[in-house]
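Visitor: Using the hints, position chain F against chain H.
Protein chains: 2
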Amino acid sequence: MKKVVVGIDIGGTNTAFGIVDIEGNIYGSDKVSTQAYPEVNDFIEELCGRIKNLLDSLPFLYELQGVGIGAPNANYFKGTIEDAANLPWKGIVFFVDKFKKYFSGIPVYMTNDAKAAAMGEMIYGDAKGMKNFIVITLGTGLGSGFVVDGRLMLGHNSIAGELGHVTINPNGRICGCGRRGCLETYASATGIKRTVFKLLADNTDPSEFRDLSFNQLTAEMITGAALNGDSLAVEAYEYTGRVLGSALANAVAVTDPEAIFLFGGLARAGKYILEPTKKYMEQSLMPNFRGKVKILLSAVDGMNAAILGASALVWQHHK
Amino acid sequence: MKKVVVGIDIGGTNTAFGIVDIEGNIYGSDKVSTQAYPEVNDFIEELCGRIKNLLDSLPFLYELQGVGIGAPNANYFKGTIEDAANLPWKGIVFFVDKFKKYFSGIPVYMTNDAKAAAMGEMIYGDAKGMKNFIVITLGTGLGSGFVVDGRLMLGHNSIAGELGHVTINPNGRICGCGRRGCLETYASATGIKRTVFKLLADNTDPSEFRDLSFNQLTAEMITGAALNGDSLAVEAYEYTGRVLGSALANAVAVTDPEAIFLFGGLARAGKYILEPTKKYMEQSLMPNFRGKVKILLSAVDGMNAAILGASALVWQHHK
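As they're listed, the protein sequences go chains H and F.
Residue 1024 is where the first sequence starts when you use the working numbering, and the numbers rise one by one after that.
Residue 1024 is where the second sequence starts when you use the working numbering, and the numbers rise one by one after that.
Just chain H, with the same shape it has in the complex (with noise of 0.2 Å):
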């Protein structure tokens, strides 16, 4: 019997969620509309058919070891989604506990995406057999998980990892949390799309950014005009590596991590966030941590990155 687990990945728009094996191959994977379902049971009865029907459609013989599930604000420790502001629940949500009732007897893990992604860099990605990493996602947001000891980094509260949160600088730019210079309002998509509107500011260089308003900018949009050698975008990289690569720094000092991964959005300019992030963090390391951490861009990102990430989940604990 072949062993399996299912990864389900709870974004604000969509679920995704597949069968997957320890290997990575994944047989077999669908989504649920997550805002179709105002009422979060209906979205469990829902998502749990979905499963074992995908399950029943196996062609071979299967034991399920386990579910993971990546969802934003969730608490690892108590199996809760709290207050996510993109999902339609409001509130405090016991998902783990109403999800076994549909799959008793079968552990159920649950994190938020970054700290999933860290799992699954460590079960199928390049970070196989380190001990201690970190993985950026570099999305809309910067989020971060820590892996120490072979372990991940959850905390006393489940919110460990919140580097997008760590302070550049008490002056800077406002933060979606209600502070200032957040490591996020810089070295995220829309940090970086805050970034080339202060360049557009700064000089008057003509660029193929004027003619497009804040909305209208994407980082897919810089990213592709970085990989085409406009120096704007090669110079708002830079600036984002920049920032990037000195909070990186401190983060090093701290855990002392074997390699950091990029991850997300951001992480598909290559060179152009890898090597200014690399030259900004060796020059802000303490001595004894240079030239010892590497700077990779993550072998699992891509489009199963969510589902494969919140299936390493079970195989940490069930290899």
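These are calculated hints, taken from the structure and not from any lab test.
Here the structure is a predicted model, which means the values were calculated and not measured.
For every residue, glycine included, the Cβ atom is placed at its ideal position computed from N, Cα and C.
Check the hints yourself; a few may be wrong.
[To be verified] Calculated pairs, EDC-like style, for lysine to aspartate or glutamate (alpha carbon to alpha carbon, straight line, at most 16 Å):
id	chain 1	residue 1	chain 2	residue 2
1	H	Lys1302	H	Glu1258
2	H	Lys1154	F	Asp1253
3	F	Lys1294	F	Asp1234
4	F	Lys1154	H	Asp1172
5	F	Lys1123	F	Glu1068
6	H	Lys1221	H	Asp1172
[To be verified] Some residues of chain H that are not near chain F, with every Cβ distance over 10 Å (derived):
id	residue
7	Lys1025
8	Gly1034
9	Asn1048
10	Pro1095
11	Ile1182
12	Cys1200
13	Gly1201
14	Arg1217
15	Asn1226
16	Arg1233
17	Ala1274
18	Glu1281
19	Arg1291
20	Met1309
[Said to hold, decoys possible] Now the in silico label distances, taken between C-beta atoms and shown as ranges:
id	chain 1	residue 1	chain 2	residue 2	range
21	H	Ala1059	F	Asp1172	33 to 39 Å
22	F	Glu1046	H	Lys1025	35 to 41 Å
23	F	Glu1231	H	Gly1314	45 to 51 Å
24	F	Asp1106	H	Ala1224	44 to 50 Å
Guide: This is chain F only, laid out in the frame that chain H set:
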């Protein structure tokens, strides 16, 4: 038979050691001059001889569970002391291997003083039962020991916890590590001396410190003056707490601890260091961490803290 361990604190001048039980009772202690032994083998021979004498003098039957050593620049994984500026032995010293020749079959653990202080707090102090906490040692420099999910965070190279070298301000004070703006240039015994001199430069208020040279001034004097209500000394502690509190807010965002313990020289200022640190940390915290993290004075701090911390390294494994 009583289970005991040996705790050893290797300092630049003297090396202190004692025999300790799980309650933190010390059954005799002694010390050896570190400086008197330019050859490490001679030092270890003398040290181990003295430890055996102390063990032989115990008025009860004992079972030696292990030896814990706190030393500057100690590598936990390799059992080495590496390029310790304040010790007579240069380069990489395979201290634990040499030491074990005198105590064959006995587990020997070695780490630096801040990590040992964290273990001491967990085994004997107010971190008993806590799984996630930080100990900050405010001595000549600033050290830190992070406990994550009940275990000491060592990192990939055994050099995690260098919070003293997190960059607070890239244009800030010059640090002994060769960079600028490291936390310990502000928050340490040396840091607060620098702060007093900055305040003496910035204003014209009379102060008892205007009659002292930089080399004459000590952190103890500043602490004494603060406890007597001297306004400049209180202001120096306020400034120290502001810098420390802001830096701790970032450490909290990454590691989500239940509590932070202040240990060492500056901690003796009590509320003068505790209150500003707490106030500015709360102000700087991301909203979802506010009100959740205790800042406390170490319960182990005092004359035998270093011996207790070192001994705790053994109990962590052999309770």
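Visitor: All hints are to be evaluated individually against the structure, with a verdict given for each.
Guide: Taking the hints in turn, this is what the structure says about them:
Of the supplied pair hints, the one linking H:Lys1302 and H:Glu1258 holds, its CA atoms being roughly 14 Å apart against a limit of 16 Å. Distance hint between H:Lys1154 and F:Asp1253 is unfulfilled; the C-alpha atoms sit about 49 Å from each other, more than 16 Å. Using a Cα cut-off of 16 Å, the hinted pair F:Lys1294 and F:Asp1234 is violated, with the two alpha carbons roughly 27 Å apart. Between F:Lys1154 and H:Asp1172, the direct Cα distance comes to roughly 15 Å. Compliance with the 16 Å bound is thereby established for this hinted pair.
Under the criterion of a C-alpha separation no larger than 16 Å, the hint pairing F:Lys1123 with F:Glu1068 is consistent with the structure, at around 11 Å. A distance of roughly 40 Å separates the Cα atoms of H:Lys1221 and H:Asp1172; the hinted pair therefore is violated under the 16 Å criterion. Every CB of chain F lies more than 10 Å from the CB of H:Lys1025, the least distance being 32 Å, so the non-interface label holds. The beta carbon of H:Gly1034 is kept farther than 10 Å from every beta carbon of chain F, the shortest such distance being approximately 21 Å.
H:Asn1048, annotated as away from the interface, keeps every beta carbon of chain F farther than 10 Å; the closest lies near 30 Å. Listed as a non-interface residue, H:Pro1095 keeps its Cβ farther than 10 Å from every Cβ of chain F; the least gap is roughly 13 Å. The claim that H:Ile1182 lies off the interface is violated: its Cβ sits roughly 5 Å from the closest Cβ of chain F, which falls inside the 10 Å cut-off. Not every C-beta of chain F lies more than 10 Å from that of H:Cys1200, the closest at about 5 Å, which undercuts listing it as non-interface.
The beta carbon of H:Gly1201 is not kept farther than 10 Å from every beta carbon of chain F, the shortest such distance being approximately 6 Å. Even its closest Cβ contact with chain F, about 19 Å, leaves H:Arg1217 beyond 10 Å, as expected for a residue assigned away from the interface. Separation of H:Asn1226 from chain F is adequate, the least Cβ-Cβ distance of about 23 Å exceeding the 10 Å criterion. Interface exclusion of H:Arg1233 from chain F stands, the closest Cβ pair being 32 Å apart, more than 10 Å.
The claim that H:Ala1274 lies off the interface is violated: its Cβ sits roughly 6 Å from the closest Cβ of chain F, which falls inside the 10 Å cut-off. A beta-carbon of chain F is positioned within 10 Å of the beta-carbon of H:Glu1281; the least distance is around 4 Å. With a least CB separation of 25 Å from chain F, H:Arg1291 remains clear of the 10 Å interface cut-off, as annotated. The Cβ of H:Met1309 does not lie farther than 10 Å from every Cβ of chain F; its closest approach is about 4 Å, which violates its non-interface assignment.
Under the hint 33 to 39 Å, the C-beta atoms of H:Ala1059 and F:Asp1172, about 38 Å apart, fit the expected range. At roughly 52 Å, the beta-carbon separation of F:Glu1046 and H:Lys1025 lies outside the given 35 to 41 Å, and the hint is violated. The hinted range of 45 to 51 Å is satisfied by F:Glu1231 and H:Gly1314, whose Cβ atoms lie roughly 47 Å apart. Between F:Asp1106 and H:Ala1224, the C-beta spacing of about 48 Å keeps the proposed range 44 to 50 Å intact.
Checked against the numbered hints above, the structure breaks hints 2, 3, 6, 11, 12, 13, 17, 18, 20 and 22 and satisfies the rest.
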